[in-house]
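Residues per chain are reported as follows:
Number of protein chains: 4
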Amino acid sequence: MLIVMKPDATAQEIAGVVQVIESMGYEALPMPGRQRTTVGLIGNDGRVDASRVEALAGVTEVIHVSKPYKQVSREWKPEPTRIPLPDGTVIGGREVIVMAGPCSVESEEQILTAARQVKASGATVLRAGAFKPRSSPYAFQGLGTVGLELLAAARAETGLLIVTEAMDPHGLALVSEVADIVQIGARNMQNYSLLKECGRQPKPVLLKRGLSATISEMLLSAEYILASGNPNVILCERGIRSFDTATRNVFDLSAIAVTHGLSHLPIIADPSHGTGHRDMVPAMARAAVAAGADGLIIEVHPHPEQALSDGAQSLFPEQFDRMMREVSAIAEVIGRSLLVPVGSTT
Amino acid sequence: MLIVMKPDATAQEIAGVVQVIESMGYEALPMPGRQRTTVGLIGNDGRVDASRVEALAGVTEVIHVSKPYKQVSREWKPEPTRIPLPDGTVIGGREVIVMAGPCSVESEEQILTAARQVKASGATVLRAGAFKPRSSPYAFQGLGTVGLELLAAARAETGLLIVTEAMDPHGLALVSEVADIVQIGARNMQNYSLLKECGRQPKPVLLKRGLSATISEMLLSAEYILASGNPNVILCERGIRSFDTATRNVFDLSAIAVTHGLSHLPIIADPSHGTGHRDMVPAMARAAVAAGADGLIIEVHPHPEQALSDGAQSLFPEQFDRMMREVSAIAEVIGRSLLVPVGSTT
Amino acid sequence: MLIVMKPDATAQEIAGVVQVIESMGYEALPMPGRQRTTVGLIGNDGRVDASRVEALAGVTEVIHVSKPYKQVSREWKPEPTRIPLPDGTVIGGREVIVMAGPCSVESEEQILTAARQVKASGATVLRAGAFKPRSSPYAFQGLGTVGLELLAAARAETGLLIVTEAMDPHGLALVSEVADIVQIGARNMQNYSLLKECGRQPKPVLLKRGLSATISEMLLSAEYILASGNPNVILCERGIRSFDTATRNVFDLSAIAVTHGLSHLPIIADPSHGTGHRDMVPAMARAAVAAGADGLIIEVHPHPEQALSDGAQSLFPEQFDRMMREVSAIAEVIGRSLLVPVGSTT
Amino acid sequence: MLIVMKPDATAQEIAGVVQVIESMGYEALPMPGRQRTTVGLIGNDGRVDASRVEALAGVTEVIHVSKPYKQVSREWKPEPTRIPLPDGTVIGGREVIVMAGPCSVESEEQILTAARQVKASGATVLRAGAFKPRSSPYAFQGLGTVGLELLAAARAETGLLIVTEAMDPHGLALVSEVADIVQIGARNMQNYSLLKECGRQPKPVLLKRGLSATISEMLLSAEYILASGNPNVILCERGIRSFDTATRNVFDLSAIAVTHGLSHLPIIADPSHGTGHRDMVPAMARAAVAAGADGLIIEVHPHPEQALSDGAQSLFPEQFDRMMREVSAIAEVIGRSLLVPVGSTT
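Chains as they are written, first to last, in my numbering: chain A, 24 to 369; chain B, 24 to 369; chain C, 24 to 369; chain D, 24 to 369.
There are no misleading hints in this set.
Since the list gives no way to pick one copy over another, a pair counts as held whenever it fits inside one copy or between any two copies.
Simulated pairs of lysine to aspartate or glutamate, EDC-like, Cα-Cα distance not exceeding 16 Å:
no.: 1; residue 1: K142; residue 2: E180
no.: 2; residue 1: K29; residue 2: E84
no.: 3; residue 1: K29; residue 2: D302
no.: 4; residue 1: K226; residue 2: E200
no.: 5; residue 1: K100; residue 2: D31
no.: 6; residue 1: K29; residue 2: E98
no.: 7; residue 1: K226; residue 2: D110
Everything labelled a hint here was simulated from the structure, so no lab data went into it.
Based on the sequences and whatever the hints tell you, model everything.
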């Protein structure tokens, strides 16, 4: 951390900064420059709270050199985190995992049909919401616990694993009981109470990037989960806010390379929310795998035109099938392959 | 709502859209154009779920003409909402309310000193966090219930009202017990579970705009609270994300005029988070009142350089005092005045 | 175009809107709704100037249904534009073109070495700036006409075509004389005087998307060139501004699919500026081709660590060579191939 | 400037960075830290080109401590720049200047009427475009030289000064001949060729902030003008791009305080473009003056509903008159006053 003093900062003000740094247990290195003095804080392990120094007299700016997170960083743990799943597969290895299914669980027939379809095309995890965060209180809010039971039934029949979202501590307890992977949605990425609870339950967590979260903030949110005891976090790029309304979001594929550089955690991509338009999903799924994503999460619905939510961005099953063949070929080009279920003879 | 068909949409696809609209209980009006047909949905009361039609065959785009919210809108209730407070004052009337205090409750001496200082300068509500949402798990997280007790003590001594943040359902129950106004922070603006709980408790709610929330989304979040039973919502502009890092956020003062045009709810401004720099707070506080804000919420600390959080954006007490005189004069220019406590002889 | 009236608009105000629409030569269709009346403008061919109606009494909003551009749209010309180049190749067909070279022409040895290297790896167009737009007046501004001469010499030796930037009318005349493709940079995307001049000269134009330009605005800028007489415009996604400073820009790959849907013009991708970091360029080049880009423009420098500009985002020649093999394989996966020079026996 | 090395950078790579810094004529100070070494560049006067070091082996990041501009900075010249105008008044002093008029010159009657109206309300500069940058090539492009003549006629009759936009070198020569202040529009803020030409002509320049320009980039563009010989630059905040489409732009009033902190140049505000809606302009004009703006530029049209451009954001003359009384009172509150013409008896 580098503390930049004002051009007219006094010797006493500089000494004040040094003293606070030392009182926090770090070493201080004042560096007089032509225009102003800067004070280096040496020994920062990523946990220094900048607010302790940025308000001191004579300080004009605090510049972060070290990253503000720790356990999620590559420097803390160089080798990639490999997250084991109940079916014997792993997220974060050479293989690219595909999670697919409808936005919401709507009925027994809908979810079972969807599960069979995505399994037939090669997905190994079924996605579908039982608890739905909707921007309008008047929109369909999900089937709740009934939805969880239907997901368990789909798993029992197909062998797919289950990923589904939790929105609050009460729902998390229910979801953690049933799901194989707990999803935390973009709108809750900085719901720190919920993140801490995620750290205290045993299931892997799929943490989606917030709508205007920097990559650094996404990693800090993952740090909350690790710091609370759960090392199994899967990150997810799902599009960020921008000024252009041509797509629902801007799908930030550079985030994959950046995150792999900064962290050992796996990161997957969600081109359905990343674009918001069914016709763009296959191209962006191909691009995500080409960019190095460790997996995909894709909305697929047996009848998108009848979906109760996100129909416009849900693939038809035959689109999904074609997409799977393309992304498989692209994975091969970069020395990876799509994950296939353990025991599968494909 | 206007459903735009693709240029090559078939008569059957158009009929399909008409049928779905009618099955939802609304009237459909197809309008053939030179390049394509559009279908109007007549009778939308703000609660039509666009996802039912946007995935239909032949549809290229859905355009919203009606607003997606209802009870918070000016069309639903033209006169401004006036929210009564326990001390007999009102938010949302001719008078401009000022809430002030430190970012966090840190100690008995700190909060009592701050309370006395802001009261002396004319604030009528004390702000300070007992539960703190911090982007790093290693930063100070607040004193919790002890903080709430200290706030109650400060109120008992000074007569100031209390506004403080709740971060989850458990904390909300505690905060609702003690506070006069419950604050929901920017990071939780779309924490819908928490918003529903806010609707079921009796205290007024201060709802801060999310970091990348549109005004429409902020109003939808307020709609969640109203729809759950609590009509007393105070909105708050506190700065939004932008590409420029010169300030912590971009303080969007136009949001005040826009919100007043769309909604009957009062809206206040938070120039402390809106700028992130102490030296800009007084100018932006003046600007906010000049722009028509119904109130201000300002970070003030007895010793900003010792603050455990947000010290760089906290005013010194004497700065706050000077600021109060300036904003008072500006309120007068536009036919308003600063709110003074009932029974005060100022 | 749909003109939304205020809820309390009078019959006279509605009649006023109808009258203005008819005076502009279009048909007006008033549609009374439950909350307000909307007036449809029928017959819009993409050239209606909204500012004529949005200021009329009683109008609250103008909604665009038709696109604001015309000659660049798919509806005007459904088949893709194929732009012929002097070496007999084409941009906009099945083949993916690669343009590569240093940010700036720095010396004869540098540009000749770079030209030989990128040609050896399969590029068919040499990129390098003679006139450089730099955000600081004190940074290297390019070699000017000497740079153009060096580019011509590199072409004479290697047979590569030349793309280079023009910044003003005077420079455009010089560049148009020498280059095979004229580049208009992101900062000049809305320099309408320059765009009109581009329309009056004969060379194809590579138009880069502005730093905060919507796709619609990029297409409107291309429309300026077509409307001035030049149909040969190549669009280029090169990253847009966002709130995250982890990368220089956010590389918006969805723009490729969106643009292909709206326009018949070819669009290429610039992952060098799109990311700003050498280590991310190959992954994003692969992703761009997987997403359907019609070409790539890549910064490569014989000695990036000695580059006078953009060294940090310039590939080493051997990195570029490896990247070319990867993107070639990805092009094959989606039924395309890298463009090879006419007469090449590769 | 601080060069951050990778954690695994070798001693040789660190020595390489030191050598390049010294070869540029600056002093290098390597600082070994716990996780990595950083190298300080001492003596930076704001003109170091970071691209020389950021591509060196072992470098992970370059952090700017000094500002990249020089002559425009407060550190170069602490006292505010006061720009003298031909009528004896000054921009940048205690008084707040108001420029007003229609978006475009449309006819003799329109511009003369507008001039009389804004003068009657207290404006001292007439604004109106003769050359108009329009996003569509089919929209009204301005009257050109005829427009300039009409502006000169309006000045002759009313005594108002003239500010009008130049879009290219040819137009600049014409505008510089006639206008008292030359305006460079937001879309040309980084048209460096045009900025250099502005530096070589004698009239003061009104430089509008680009749609997604950081404050630092705006100051660098001003630096281009100063470095080319013209010290009289007036900056202008006019709204920036954001994700919310509720207003045309986000009017960034914090930019005024930030700019006053960094630079000695005056900065005015344009609430007409900043909001895009007539009804919001007076509130934002009041806010801008409360925030410390050195002036306002306001669109006013005798008949906004007949305007050929920007009608929706143009004030009615009576609105402007009321606004002038309000902003005058607010200026007094902060110890300033509206500028009145020299010799005026008001």
